[in-house]
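Participant: Spelled out from the first residue to the last, the chains are:
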Amino acid sequence: MKKVLFATSALVLSAGFASAEVAVSGDGRMGVIYDGNDAQFSSRARVRFNLTGESDAGLSFGGEFRVDQENYSDYPDSLRSAARGTAGAVWISGTYGKLSMGDTVSASENAIGDLYEVGYTDGTFAGDVEEISYLTGDGENTDQGPNILYEYTFENFSFFASASDGSNTSGPAVTGVGFGIDDEGNQVDTASTAWNVAGKYEAENFWVALGYAEHDDASEITLGAEGNFNNFSVKGIYADYSDRGIVFDDVTGDTAVEFDKTYGLSAAYQMDAILLEGFWRRDETKGVADGFDDDSFDSFGIGAEYDLGGGAVLAGGIVDTDYLDDTVADLGVKFKF
Amino acid sequence: MKKVLFATSALVLSAGFASAEVAVSGDGRMGVIYDGNDAQFSSRARVRFNLTGESDAGLSFGGEFRVDQENYSDYPDSLRSAARGTAGAVWISGTYGKLSMGDTVSASENAIGDLYEVGYTDGTFAGDVEEISYLTGDGENTDQGPNILYEYTFENFSFFASASDGSNTSGPAVTGVGFGIDDEGNQVDTASTAWNVAGKYEAENFWVALGYAEHDDASEITLGAEGNFNNFSVKGIYADYSDRGIVFDDVTGDTAVEFDKTYGLSAAYQMDAILLEGFWRRDETKGVADGFDDDSFDSFGIGAEYDLGGGAVLAGGIVDTDYLDDTVADLGVKFKF
Amino acid sequence: MKKVLFATSALVLSAGFASAEVAVSGDGRMGVIYDGNDAQFSSRARVRFNLTGESDAGLSFGGEFRVDQENYSDYPDSLRSAARGTAGAVWISGTYGKLSMGDTVSASENAIGDLYEVGYTDGTFAGDVEEISYLTGDGENTDQGPNILYEYTFENFSFFASASDGSNTSGPAVTGVGFGIDDEGNQVDTASTAWNVAGKYEAENFWVALGYAEHDDASEITLGAEGNFNNFSVKGIYADYSDRGIVFDDVTGDTAVEFDKTYGLSAAYQMDAILLEGFWRRDETKGVADGFDDDSFDSFGIGAEYDLGGGAVLAGGIVDTDYLDDTVADLGVKFKF
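Protein chains in written order, with the numbering used here: chain A, 39 to 375; chain B, 39 to 375; chain C, 39 to 375.
Isolated chain A, as found in the complex:
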């Protein structure tokens, strides 16, 4: 006794329904990942809920999360849950912009995003090295409960702001509110607010965006631009971090290595049903303690996709990155339902 969901919104609009709706969509993928030594099967199936409504005065509101984003567990309590504000998001939108709360992306990530992803696993087969390591948001500050993201667009200009609330939350998780525990086992209520502002200018064929973020002592400046010319598009991202420690001295706890810079470029070419994509990216780290040197890590990726229509895409990618010992590749199909 299967229930079939209607796939058109025309019918819905014409029949005068109440405005509040739950839309159900899905995605899937199946194929083979070459991990440098072996070929491994990799597949998944997911379902997403998209909640939308409108108030009497015309304010839009909604929320969204996937079934697999609802994975709460008492132990460890770090797992994310849409019902607890640390996965998915809810939002409200009107003349004055859109405000989202939950596991939102940061202002800079919303404005600039990542390099183009390759392969049927959208880069996951190589550890998602096309993704920029944004300092705040998108899973970075969930120990503070939900984050917020504000978006406002006026003609060609968009403004974005995001923040965490500066309070730890490992208490009554059902509200996303409570206390954290410090290194000595004491309850601590207060953390540093992670915040981020970004601006973007969009013209017909290109956009440029700039963002600034801070969390504790660390800060991030991100610059991004993308252009589309005929069937060709190119995107570049530059991120400069300050005081962003990633390796620490075991004894003193002092920072030993800082994440200093990321810059990368990606390009894509669309030819009928075929899409060719590639990216290059370099991460630079800085040794700030004795015996720790500066270092840099390069990652290259190329991929091709063939649109089979109806929501199915045949795709493959190859990535060579200093983060993995081997060149890795994937090949498979991805689906949208």
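Hints should not be assumed to be uniformly reliable.
Identical copies carry no separate label here, and so any pair may be met within one copy or between two of them.
[As the list claims (entries may be wrong)] Here are the simulated SDA-like pairs of lysine to any residue, each with C-alpha atoms no more than 25 Å apart in a straight line:
hint	residue 1	residue 2
1	374	88
2	374	259
3	374	104
4	324	104
Since the hints were derived computationally from the structure, they do not count as laboratory data.
Start from chain A and add chains B and C according to the hints.
Facilitator: Okay, now just chains B and C, sitting in the frame of chain A:
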């Protein structure tokens, strides 16, 4: 490729569908909780499945659970799961009443319920102090697997009965059946049945209800009443517990403090789109061992809601309770989809 | 604001929708299990997603999983998840057969299946002793990530093949790809491929099937047949295992007991709305170390079902098995939505 679910049942009824259906609805909320020291973001998005069917002879049946109620984990095995009978519920209903099984509320809670909840988090921001601490059901006896609830209404009178099965269940969790483990690590199959009966009389403007529950040595008598006059409604609840130990002597294991009584009153006033609500509640505990005194805990709450239409409500609440050091408050919007 | 899903596909087909769809269906059950000593309540409610699409060239694709199959947890990382390929499945199907990936059944299980299940819990009340213990697939090799299953039918003949990928996966679980950990704590990438081929011949009133599987040193030959005559159907299964160790010497690690053979027979009789079912099954084990003898385990089950219509079935079963000390039984209703 989003699927939009239809929000009207008229269309469904007119088109002669099979009777078995899965309805998908959702809710969400976003806002700020003041925990006495800091303002913290708190948001959530949830989706609920409502399963309904009808047999050839006109017997109704169904079930319901939310995505976030399906959170099974091998470790700890205490997590609740609709697929294992310890969250959500299934039911069957006919001329002779309705029988539900799963994580059902108790007979008394079904008849009487709780005090009015305030705030956009429906009282959660203050630890849900408007909720009566019923002795059985609604998450209290899930170590015995599913509970049952029977409801029967004849004219103005309703009768309710609920029970656990008196057997522990930490065995093959997929059926909700198995063995529990006692303090010495032995498998024990038998627990005390937690049971509850309640009666309710409903007139046009008011109802009164009385319930009695037992679990092990503990028992509970609950009395509740609610009246509606013009735009004003008021509800009172009195609960008297016997032998309900809540603090125990570390050495002897004897009861040190018993939960003795709860009584409270709540009131609401509806004025067009505005709803004003408030409650007061007192819990009394009894010291039954040397060095443990009687005590009482007061909780007050007030709140206001403004219906924005379309399923959105702006709401805020303030609660002052002896269970928390500080006065706490919340303010935000809640949504129904 | 409930959303009602349409229960007919006629409307969907006539209105010319896009091909990609998400169908939502559900099931539930409630009743009482007699565990040999006590009667215990057992209930559940579940929701299933069925994803389907079609490419421009007529290739079908899809996926399916239940809400309760999405139960990922970092700890333990053994929990299964449709979003990580170790629960549910995705598939693609065309002229050349159907290829599934995920937590698929093995070729032999797909061809032959299990004995008839009895009771409203479909055999779960007795530990599912009607299920054949197939060597590969269906939850057996999830430590290697997703499995694959290939099915091809030509006239009355069907061919099935299934396999795991021969690589362990407790690494980056999001892709189902990574490294396992051996007994000494070292990362190991390579396991033994578990593979299985099977063939089946289907005539109007009966089918016969034969399968062969291998994993490490263990192998399995399975033979099954089923016939339907008027209202009567009968099914027999014979499985012969080689080198399938199930008990091991604590000191040397050598195999002490092997699972040697399973054979069983089940029969069913349908009379209007009533279905009568029964099965018998014997498992034989072989002692291969000093002090371990050969043994055999018999299991019997009988059951009856009464179809109430509309998706509801009243059912009960009794099972007597050497695996449990007591005769166990269940009685209840099961629902499809």
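Participant: It remains to establish, for every hint, whether it holds in the given structure.
Facilitator: Against the structure, the hints:
When the C-alpha separation of residue 374 and residue 88 is checked against a cutoff of 25 Å, the pair qualifies both within a copy, at 15 Å, and between copies, at 13 Å. For a Cα distance limit of 25 Å, the shortest separation of residue 374 from residue 259 qualifies neither inside one copy, at 35 Å, nor across copies, at 39 Å. Taking CA atoms no more than 25 Å apart as the test, residue 374 paired with residue 104 passes in both settings, with 14 Å inside one copy and 18 Å between copies. With identical chains, the CA atoms of residue 324 and residue 104 are never at most 25 Å apart, being 38 Å at best within one copy and 47 Å at best between copies.
Hints 2, 4 from the earlier list are contradicted by this structure; the remaining hints agree with it.
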